[in-house]
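Asks: Chains D and X supply the protein sequences, listed in that same order. Anchor point for the first sequence: position 207 equals 207 in full-length UniProt numbering, and the numbering is continuous, going up by one each time. Anchor point for the second sequence: position 148 equals 148 in full-length UniProt numbering, and the numbering is continuous, going up by one each time.
These aren't lab readings, by the way, just hints derived from the structure by calculation. Quick reminder that beta carbons are idealized off the backbone N, C-alpha and C, glycines included. This list has only true hints and no planted wrong ones.
Label-pair ranges, simulated between beta-carbon atoms:
{"hint": "1", "chain 1": "X", "residue 1": "V49", "chain 2": "D", "residue 2": "P169", "range": "46 to 54 Å"}
{"hint": "2", "chain 1": "D", "residue 1": "A99", "chain 2": "X", "residue 2": "A99", "range": "56 to 64 Å"}
{"hint": "3", "chain 1": "D", "residue 1": "G232", "chain 2": "X", "residue 2": "R233", "range": "44 to 52 Å"}
{"hint": "4", "chain 1": "D", "residue 1": "D216", "chain 2": "X", "residue 2": "I178", "range": "36 to 44 Å"}
{"hint": "5", "chain 1": "X", "residue 1": "S53", "chain 2": "D", "residue 2": "S167", "range": "49 to 57 Å"}
{"hint": "6", "chain 1": "X", "residue 1": "R230", "chain 2": "D", "residue 2": "A40", "range": "33 to 41 Å"}
{"hint": "7", "chain 1": "D", "residue 1": "D104", "chain 2": "X", "residue 2": "E15", "range": "20 to 28 Å"}
{"hint": "8", "chain 1": "X", "residue 1": "V49", "chain 2": "D", "residue 2": "P52", "range": "43 to 51 Å"}
Derived coverage of chain X by chain D (criterion: at least 3 residues anywhere in the stretch with Cβ under 8 Å from a Cβ of chain D; other residues may be distant):
{"hint": "9", "stretch": "91-102"}
{"hint": "10", "stretch": "105-115"}
{"hint": "11", "stretch": "150-160"}
2 protein chains.
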Amino acid sequence: MTGWITVAGLGPGAEAMVTPEVGAALDQATDIVGYIPYVARVAAREGLVMHPSDNRVELDRARLALDLAASGRRVVIVSSGDPGVFAMASALFEAVEAAGADPDIRILPGITAMLAAAARAGAPLGHDFCAINLSDNLKPFALIEHRLRHAARGDFAMAFYNPRSASRPEGFARVLEILREECGPDRLIIFARAVSTPDEALRVVTLAEARPEMADMRTVVIVGNAATRRVGRWVYAPRSAGAT
Amino acid sequence: MTGWITVAGLGPGAEAMVTPEVGAALDQATDIVGYIPYVARVAAREGLVMHPSDNRVELDRARLALDLAASGRRVVIVSSGDPGVFAMASALFEAVEAAGADPDIRILPGITAMLAAAARAGAPLGHDFCAINLSDNLKPFALIEHRLRHAARGDFAMAFYNPRSASRPEGFARVLEILREECGPDRLIIFARAVSTPDEALRVVTLAEARPEMADMRTVVIVGNAATRRVGRWVYAPRSAGAT
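Produce the complete structure using the sequences and hints provided.
Replies: Below is the structure:
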């Protein structure tokens, strides 16, 4: 039996946003590897072995997948959203490089959180934008600040992943200060929590009104560009937005 | 009968990447509005009226959808990829604002081209990144250059939509020059054409080797950050990439 690894994006939460190719990969798998709440989204069936693991052990998880595939298993590593956006695909390739391995790998895209959030809000990412992981587990805050300032000065809309955790709440407060400095108080900011799940909540405020506690680790934050505006309950970036 | 408008993302091409909620919206529609090749992807059935239109008439298309919904029709505006990324969602909200209308609108996300391309290449968008529309139909080239330089100086990976058309081939040549200036000759660049269709082609080169004719309007271009590397046939951004 020839083993393989598929890294599959489960989308933001709703089953109606899981692509058919991801569903087919799950049907063919012998083993599911991933963070506990994502593995819990896969339906159990006879012969399917679940390998749930805690957060922040991405490399261990990738190595487990390599070992399983080397022994002939058909492994799906599940990610929330899209596996290539601040998720398991990069960790897998780090493990592949370190191991000098060459397994059969497929990456299957999914609906990433910022696009699900943007769809609920209107079209805030309809013009040029950046995606920034605000977690400082893997990079210094100085680099986050450097990127925020370049993104703001380039008048990009911005989407933030992992904006705030209990262990480092002060980082996001500083992010909001930097944004107010660079973009002014009237810029629109969207807090989109747990989109497409029963806990979904959407809030649109200005930077002046924004507070750190409006975000948690289930929230994606989107900041508009200079032309981003409201129409009714919607927020959108005009197609011709932006000025040097 | 109460009309509505749904703006739906059909993904990059393969049916296996169309989400179930988009399929359900197409099943409920009375009218399909969109660019000719995207409308052609929707299966015909009795009572379903197709309204294909040419490129660059996004506002006319949005107004048609508003008129149809006002008369009680159930309209799906189809976009390739995700409707919120350089596609029809922003145009619809522009038309809504101009008309002072308040129709029943839903935006359904789809697999956007850069994420489908990234999945085929490995994980080049696994760290912070920007998405930039290189079409200068709706913005001056000076703004494109301004954003490219900020993106490069922030050490963002970059994904480019609409890199090159027959009517303005010189723009993309200039983009490559700017990137070589900012990022040096060894930076990796990915040309991903028509991902998930029978015409799919993927090419990975350095900026020194990149040529404008490697891209056309069916190509998404992804530029790595300073840490982006190859492992076997794959290209990925390590999770801890980047330095100020």
